[in-house]
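These protein sequence lines are chains A and B, in that order. Count along the first sequence starting at 1, add 15, and that's the number in my numbering. Count along the second sequence starting at 1, add 10, and that's the number in my numbering.
Please keep in mind that the hints were generated in silico from the structure rather than gathered at the bench. Some hints could be false.
Listed next, the in silico DSSO-like pairs over lysine-lysine satisfying Cα-Cα at most 27 Å (straight line) [what the hints assert, rightly or not]:
(1) B/K129 x A/K24
(2) B/K241 x B/K20
(3) B/K20 x B/K257
(4) B/K256 x B/K20
(5) B/K29 x B/K256
(6) B/K257 x B/K228
(7) A/K200 x B/K88
(8) A/K17 x B/K130
(9) B/K124 x A/K28
(10) B/K76 x A/K364
(11) A/K63 x A/K136
(12) B/K88 x B/K228
(13) B/K129 x A/K17
(14) B/K198 x B/K124
(15) B/K25 x B/K228
(16) A/K364 x B/K25
(17) A/K215 x B/K124
(18) B/K40 x B/K88
(19) B/K228 x A/K364
(20) B/K25 x B/K256
(21) B/K130 x A/K28
(22) B/K88 x A/K17
(23) B/K253 x B/K241
(24) B/K29 x A/K278
(25) B/K171 x A/K200
(26) A/K278 x B/K88
(27) B/K171 x A/K215
(28) B/K256 x B/K228
(29) B/K88 x B/K20
(30) B/K257 x B/K241
(31) A/K17 x B/K125
(32) A/K17 x B/K124
Everything numeric in this text was worked out from a predicted model, so none of it was measured.
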Amino acid sequence: MKNLLILTKYELKRIFRDRRLLLIVISQPFIIAIIVGLLAHQNPVDVKTAISVQNPNAITEAYVEELEDDERLEIVETGATSDIQKGNLRAIITVEGSETGISQLDIEQDPVLGPYRAVLKESTLDAYNNTSEKLDLGTELIPITANDASVTELKYFDYYASAIMVLLVLLVVLNIAGISITSEKASGTFERLAVTPYSKASIIGSKALSQFLIGFFVLGVGLASLYLIFDITIGDLAVLSALGVLIVMVAVALGLLISAITKSIAESVQLAMYVFFITFLTCGLNAPTETVHPVLLSFMLSTPFYYAVDAARRVNMLDAGWEAVWPNLAILFGFFIVFLILSIVMLRKEAK
Amino acid sequence: MPPKPIIETKELFKKFGRKNAPATNGVSLKIYQGHVIGLIGPNSSGKSTLQRMLATVLEPTSGSIKYHGRHVRNGHQKDRLRRNIGYVPQGDCLYGDLTVQENLLLFSEPYGIKKRTRKKRIDALLEQLQLTERRNYLVRNLSGGMAKRASIAAALVHNPKIVFMDEVTMGLDPTSRLEIWKLIRELKQNNVTVVMTTHYLNEVQSLCDQVLILSRGKLVEDDTPGALLDKYHTDDLDDVIQKVIKKEA
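Let's have the full structure, built from the sequences with the hints guiding it.
What follows is the structure in structure tokens.
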């Protein structure tokens, strides 16, 4: 234990002495949190939409007025498919009038909008319900409500904040931890340490401890930036803190494993970025599990950061407590132990 | 009663990868306390591999190493041994972003030396290696010669009984080389065993009590410099090496 603390002290000294590295590490969570926060800044507004009315009547007119009042849409006078192709227009809503009201609604939309396309469906449905109510048409439509199972009203960014928080930690920690052993192998200091009474476990442990402190600091700065600037929902702070500790621990252990199994700094950096990008794609940020191919889903379920993002989202967005996320916490702890043991085993194996 | 060897190896064999030829192939040797041993041979002859196995950096694929008559097999025995050895690798192998003094403290901490003793030892070493004025310099800001001296200081800071030096004078100017020669002689006077690999044969002739010549992983000669010169009827170790390699080829 004493040796571990001695090595940790010098490890931290070395990190803090490199001021440019420190500046990059400290600014990363803050700057990235701001950029992502501004990217997913608001619910979609002013989606440029053209309306084409066939067989107009009083009901279609009232319906168009409702659409025009909707802040989510910016109604332009005319538009054609070519305007969507040119990027001048996001959608064309075609309203087909009939003797009794509206017989058909068609939405032609720009697929670039991706998941935001749902906004157009919501707008047209809301306008229909409002028209129906205002004109007392006795419509057969059943009013539909869909609410998030959250205690607070979620803002658009809240859907991203949890995953970003996890990915931020992973990005910084993987990069530092990923080269920590390889750089020592390259400089020869690792070989030198290996013939002293410092054990492999102490060497790995000191790196894990110092990088854990850096990672936890990064998590704190990232979370504070997201909370103070974008007012994200936090949820239960105690659960979130425990989750944060585990996320940093797993990221550090994974970084050390990468460093232990790679032979050069370039290899470590490449592998760290490779792992980061795969994690970015499979952590659940980009697609819900319902859309994922079963084979990839099995892979996702065997990676730690899927459970980290899943738990972070439930804590942040649904105010989930210990009883809801303890399995995720246990899985993360398991991954930490496995990665750490593998790192030590790989380093010992190298001497053979 | 004949002296007992401090290090004894039997049939030491090391192979990296399945397809490669063995780096060392059945090396058996004995090394005695207070001797300076020169480990020489052409490139890829297995000098560094042998030295790294003796210094416990690498584990042999097969064969045995004994220190003071005891086999070194498990972690506990290695730990005990590591308390008595110093290792100067081929590069400087210190932390460039720590000062000379911080490096010496870091490498001396795990030996359980009392703080006051350690401080005295570091001061003496820095003085001996002419680094006192540079003690608070970051290692990355030192010249090649100074960094090498700092590296030697880090290997000696815990008063080891055996010191392994891997091409320690390579790339140094003549003055720095002579300073290191002087230091090696002082170590010998203090009954410290020095095992050094080198390509400078005048170094071997001038410093070593025992010469081990390796060729293609095999120990082909093990004798004193004088005996080897007599055996090959020459007054130049370089000739000895050439003749040995020719014979082996």
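Hint by hint, here is what the structure shows:
1. Straight-line distance between C-alpha atoms of B/K129 and A/K24 comes to about 19 Å, which keeps the hinted pair within the 27 Å bound.
2. For the hint pairing B/K241 with B/K20, the CA-to-CA distance comes to about 25 Å; that is within 27 Å, so the pair holds.
3. Only pairs whose Cα atoms come within 27 Å are accepted, and B/K20 paired with B/K257 is accepted, the gap being roughly 24 Å.
4. Proximity of B/K256 to B/K20 is assessed by CA-CA distance (about 26 Å); at most 27 Å being required, the pair is judged to hold.
5. Simply put, B/K29 and B/K256 have alpha-carbon atoms about 26 Å apart, close enough for the 27 Å limit, and the pair holds.
6. Of the pairs offered as hints, the one joining B/K257 and B/K228 holds, with about 13 Å between alpha carbons and a cut-off of 27 Å not exceeded.
7. For the hint pairing A/K200 with B/K88, the CA-to-CA distance comes to about 21 Å; that is within 27 Å, so the pair holds.
8. A threshold of 27 Å between alpha carbons decides the hint, and for A/K17 with B/K130 the separation of about 22 Å falls inside it, so the pair holds.
9. A hinted pair counts as satisfied when its Cα atoms are at most 27 Å apart, and B/K124 with A/K28 qualifies at roughly 23 Å.
10. Taken as a hint, the B/K76 and A/K364 pair is honoured in the structure, with Cα atoms around 22 Å apart against an allowance of 27 Å.
11. Between A/K63 and A/K136 the CA atoms are separated by roughly 14 Å; this keeps the pair inside 27 Å, and the hint holds.
12. For the hint linking B/K88 to B/K228, the alpha-carbon distance of about 25 Å falls within 27 Å, and the restraint holds.
13. A C-alpha spacing of about 19 Å is found between B/K129 and A/K17, which places the hinted pair at or below 27 Å, so the restraint holds.
14. Of the supplied pair hints, the one linking B/K198 and B/K124 holds, its CA atoms being roughly 25 Å apart against a limit of 27 Å.
15. Restraint check for B/K25 and B/K228: satisfied, since their Cα atoms lie roughly 13 Å apart, inside the 27 Å limit.
16. Straight-line distance between C-alpha atoms of A/K364 and B/K25 comes to about 14 Å, which keeps the hinted pair within the 27 Å bound.
17. Of the pairs offered as hints, the one joining A/K215 and B/K124 holds, with about 24 Å between alpha carbons and a cut-off of 27 Å not exceeded.
18. With a C-alpha separation of about 19 Å, the suggested pair B/K40 and B/K88 falls inside the 27 Å cut-off, and the hint holds.
19. With a C-alpha separation of about 25 Å, the suggested pairing of B/K228 with A/K364 holds against the 27 Å cut-off.
20. Proposed proximity of B/K25 and B/K256 is supported: the alpha carbons are some 24 Å apart, at most 27 Å.
21. Between the alpha carbons of B/K130 and A/K28 the distance comes to roughly 24 Å, so the proposed pair stays at or under 27 Å and holds.
22. Of the supplied pair hints, the one linking B/K88 and A/K17 holds, its CA atoms being roughly 19 Å apart against a limit of 27 Å.
23. Simply put, B/K253 and B/K241 have alpha-carbon atoms about 11 Å apart, close enough for the 27 Å limit, and the pair holds.
24. With a C-alpha separation of about 19 Å, the suggested pair B/K29 and A/K278 falls inside the 27 Å cut-off, and the hint holds.
25. Pair hint B/K171 plus A/K200 holds up; C-alpha atoms about 26 Å apart against a cutoff of 27 Å.
26. A C-alpha spacing of about 25 Å is found between A/K278 and B/K88, which places the hinted pair at or below 27 Å, so the restraint holds.
27. Note on B/K171 and A/K215: the hinted pairing holds, with a Cα-Cα distance of about 23 Å set against a maximum of 27 Å.
28. Taking the CA atoms of B/K256 and B/K228, the gap is about 14 Å. The hint holds against a cut of 27 Å.
29. A hinted pair counts as satisfied when its Cα atoms are at most 27 Å apart, and B/K88 with B/K20 qualifies at roughly 17 Å.
30. Distance hint between B/K257 and B/K241 is fulfilled; the C-alpha atoms sit about 14 Å from each other, no more than 27 Å.
31. Distance hint between A/K17 and B/K125 is fulfilled; the C-alpha atoms sit about 15 Å from each other, no more than 27 Å.
32. Between A/K17 and B/K124 the CA atoms are separated by roughly 14 Å; this keeps the pair inside 27 Å, and the hint holds.
Of the numbered hints listed earlier, not one is contradicted by the structure.
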